[in-house]
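Just need the whole structure built from these sequences, with the hints factored in.
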Amino acid sequence: VLITGPSGSGKELVANSIHRHSPRGDAPFIALNVAAIPDDLVESELFGHEKGAFTGASAMRKGRFEMADRGTLFLDEIGETSPQVQVKLLRALQEGEIERLGSSQPRSVDVRIVAATNKDLAAEVAAGRFREDLYYRLNVISITLPPLRDRKDDIPLLAQHFLRLYAEKNQKQFDGITDEAMDRLMSWSWPGNVRELENAVERAVVLARGDSIDVDTL
27 VLITGPSGSG
37 KELVANSIHR
47 HSPRGDAPFI
57 ALNVAAIPDD
67 LVESELFGHE
77 KGAFTGASAM
87 RKGRFEMADR
97 GTLFLDEIGE
107 TSPQVQVKLL
117 RALQEGEIER
127 LGSSQPRSVD
137 VRIVAATNKD
147 LAAEVAAGRF
157 REDLYYRLNV
167 ISITLPPLRD
177 RKDDIPLLAQ
187 HFLRLYAEKN
197 QKQFDGITDE
207 AMDRLMSWSW
217 PGNVRELENA
227 VERAVVLARG
237 DSIDVDTL
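Mapped onto this note's numbering, the consecutive letters of the sequence shown carry residue numbers 27 to 244.
Among the hints, erroneous ones may be present.
Claimed, not checked - Simulated crosslink set (SDA-like; lysine to any residue; CA at most 20 Å straight-line):
no., residue 1, residue 2
1, Lys88, Glu76
2, Lys77, Gln131
3, Lys195, Glu228
4, Lys178, Gln131
5, Lys198, Phe188
6, Lys145, Ala234
7, Lys198, Arg235
8, Lys195, Gly236
9, Lys114, Asp159
10, Lys114, Arg138
Source of the hints: derived by calculation from the structure; they are not laboratory data.
Nothing here was measured: the structure is a model prediction, and the numbers come from that model.
Rendered as structure tokens:
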């Protein structure tokens, strides 16, 4: 499954929902943001390594593929992977096998891959920055998440959810969000998408002095 959409739109939540509502729901859901890992460590994170495979590898370590066996591996920001990692990912998807760094012993893995990106991967393929064969392997089922400004009917549901969540975390009680405050939330363009909305509601909960979230609190 390939999930595309802007940052903060909820791609990992969609991936987790796919996992939980599938026959693999009782198996592990393992997530990795490949953009957050230095290039020289991505392979080790994905495929694991044997003791002594490189400087600092003091013990054997399983990679995310093995951790996710029989479950789901969520690869966020897949468009940031290097050509070398793309080759190895393609082989893992085609053969259902991985090799730990420092080992020549293939290991079978049964993993569903859900990948996500905020890039246009088709354009990346056309520009020669992403392998076409890997793109077609990943893009079997495509899900596009629009920015929050294009699905404003979600805003009241999300805002109420975040209100309950952060009221409980901060040990506060609220009657809700006033109509005027909700109108203000609905009128904002939310360039940071769901993540920005969550931040706004959390801040309002922390700063609120009354029993509701009103415009002044926002």
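Worksheet item: Hints broken by the structure, by number, lowest first?
Response: 4 and 6
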